[in-house]
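Student: Take a look at the letters that make up each chain.
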Amino acid sequence: MSGGIALRGVGRRYGLGGPWVLRGVDLDVPTCSLLRVEGANGTGKSTLLRLLAGIDAPSSGTITGRPRTAYVPERFPPALPFSTTGYLSMIGRVHGLGRAEAGRAAADWLDRFGAAAHARTPLAELSKGTSQKVAVVQALLAAPELLVLDEAWTGLDHAARDVLDQAVRERVAAGGAVVFVDHDPRRLAGEAAAVYRVAGDGRVTAAEPGPLGGVGTADAADTADSPRVRIVAQGPPGATLPRDLPDGSAAPAYEPERGGTVGLTVSAARSDAVLSALLAARPAWHIREVTPVRTGAAPGPNEQPRPDSPNQRPDRT
Amino acid sequence: MTALFRYQAALLVRSRRLLPPLIVYALFMGIGVQAGQPILDSFAWAGGALLFVAAWLVRVCVTNEPPAARHVAAAATSPARVHLASVLTALTCSAVLGAIGTAFVALITDPRSSDRQVHVPVGAATLAGLVTALACALLGTAVGALCNRPLLRGTARAMLSTIVAAMLVLVADGSPAHAAVSGLVTGSTRGHVTVPLLPLAATAALATAATAIACALASRRP
Chain A
1 MSGGIALRGV GRRYGLGGPW VLRGVDLDVP TCSLLRVEGA NGTGKSTLLR
51 LLAGIDAPSS GTITGRPRTA YVPERFPPAL PFSTTGYLSM IGRVHGLGRA
101 EAGRAAADWL DRFGAAAHAR TPLAELSKGT SQKVAVVQAL LAAPELLVLD
151 EAWTGLDHAA RDVLDQAVRE RVAAGGAVVF VDHDPRRLAG EAAAVYRVAG
201 DGRVTAAEPG PLGGVGTADA ADTADSPRVR IVAQGPPGAT LPRDLPDGSA
251 APAYEPERGG TVGLTVSAAR SDAVLSALLA ARPAWHIREV TPVRTGAAPG
301 PNEQPRPDSP NQRPDRT
Chain B
1 MTALFRYQAA LLVRSRRLLP PLIVYALFMG IGVQAGQPIL DSFAWAGGAL
51 LFVAAWLVRV CVTNEPPAAR HVAAAATSPA RVHLASVLTA LTCSAVLGAI
101 GTAFVALITD PRSSDRQVHV PVGAATLAGL VTALACALLG TAVGALCNRP
151 LLRGTARAML STIVAAMLVL VADGSPAHAA VSGLVTGSTR GHVTVPLLPL
201 AATAALATAA TAIACALASR RP
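Going down the list, the sequences are from chains A and B. Sequential numbering of the first sequence, starting at 1, is according to my numbering. Sequential numbering of the second sequence, starting at 1, is according to my numbering.
So here's chain A without its partners, still in its complex pose:
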């Protein structure tokens, strides 16, 4: 598995006889993949990320493969005696870049994140958000094969979050692997190849492949009789529905309407996933209305309404 990394039976505890923060973790991070790690506070998500980043060694089990790695900590302290560019070119060289290459990459990425004006600012004088941008830029400088993001979006402004989303997609498209934790469930929703959940007892299980991955736990509750919800959303001009909306046997009913408005009737179990997908789409969709539909009155999966259906009046928006 060149470029990838694999955990087999990995456990981690701090101190002899300490409680196991993680135990029996089997996890593969193949190339070209985006992995999300979930779990409640204090369950060992950060420990798992540090193991993947090679910052921490497992107490039991093995980790094989060590791609060129970059790590973004949750909070990046500005207590370093360098300017932004000074730090980035120095850490760029630690990442294996040449001097000129590191300087160029630092300038490019700072520009992309809208922090070019802070290139010469001492790190100690940066705002919290800008120093988080520096933390993200250092990780992207050398196009790592494995990018580990521990709530890297926290503290970034909206534009920078979008740039980071895009940078993550670029890394995956370029054959890298990205593992991330983020408190926002909509972060890169539907794009993660796998979602791993860290439980309170330190076990790590594969959750559904993304909230919109198609085959999800929602399917179990998704029958023709289940309660349904009607969502009315308005997209940007000319936009099409996000491609990764759930489909399958219990597909939501889509009703393209005038003025870019679309009505969707979906099972209640899936409504959250559909809403996430619409909100996460770039550019985002605007949700105009979410209303429960009485069972029986709603169109079933086998009788999907047509846009020209006489009993479906277009939404006046």
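By construction, these hints were calculated from the structure, which means they are not laboratory data. Some hints could be false.
[Said to hold, decoys possible] Stretch-level coverage of chain A by chain B, calculated; a stretch enters the list once three of its residues show a Cβ under 8 Å from a Cβ in chain B:
#1 180–190
#2 195–207
[As the list claims (entries may be wrong)] Label-pair ranges, simulated between beta-carbon atoms:
#3 B:L151 to A:A206: 33 to 39 Å
#4 A:D28 to B:A212: 53 to 59 Å
#5 B:V171 to A:G98: 45 to 51 Å
#6 B:V24 to A:A159: 47 to 53 Å
#7 A:E170 to B:L152: 39 to 45 Å
#8 B:I213 to A:D26: 43 to 49 Å
Glycine included, every Cβ here is placed at the ideal spot set by N, Cα and C.
Following the hints, put chain B in place on chain A, whose structure we already have.
Tutor: For chain B alone, kept in the frame of chain A given last:
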């Protein structure tokens, strides 16, 4: 590794925490080394001072980065390499201080034995002083590596054990630093110079072993 070392060295040079050990070393030298004193006794004093300062510099270097910044560098390389780079930075700084101190002693002291009866060759004495300084820097580095993160955490515990361990290796029989320093002191009484090459080799081995232990634990006790 070169990039890591350069990064750690830049951190140390720009760090305000470099100043206290430098000032303490300067004070030690100002108090213990006076113009016209016997050269070998002064080298012995300088070596003892450097041992403490070397251990202190390791502490400064291995705790110089906030953990998040250290993690960033460790992910790009490995925790062991990051730790090795900080210990090497501290040792380099100690060696430079030792060289400056040796030059200072050679310039202002009197090249004669303790009782001022026997002339001591300045060249051989300076070489012995330099080798002693290096041996003390190496053993101080070993003490610093074993008495700080990742083996001992907590400022009070680390500092107390550093001071106690540095004193012990300076006075205990069988310690190579003690052998080097006391070799200079006894040499000074008779006006006879011995270059402590064996203690230097022993301290180099000890420093290597101590650093290897600390680096191996760097990823296990982050």
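Student: All hints are to be evaluated individually against the structure, with a verdict given for each.
Tutor: Cross-check of the supplied hints:
no. : hint                         : verdict
1   : 180–190                      : violated (count 0)
2   : 195–207                      : violated (count 0)
3   : B:L151 to A:A206: 33 to 39 Å : holds (37 Å)
4   : A:D28 to B:A212: 53 to 59 Å  : violated (32 Å)
5   : B:V171 to A:G98: 45 to 51 Å  : holds (50 Å)
6   : B:V24 to A:A159: 47 to 53 Å  : holds (49 Å)
7   : A:E170 to B:L152: 39 to 45 Å : holds (43 Å)
8   : B:I213 to A:D26: 43 to 49 Å  : violated (31 Å)
Hint check: violations occur at hints 1, 2, 4, 8; the rest are consistent with the structure.
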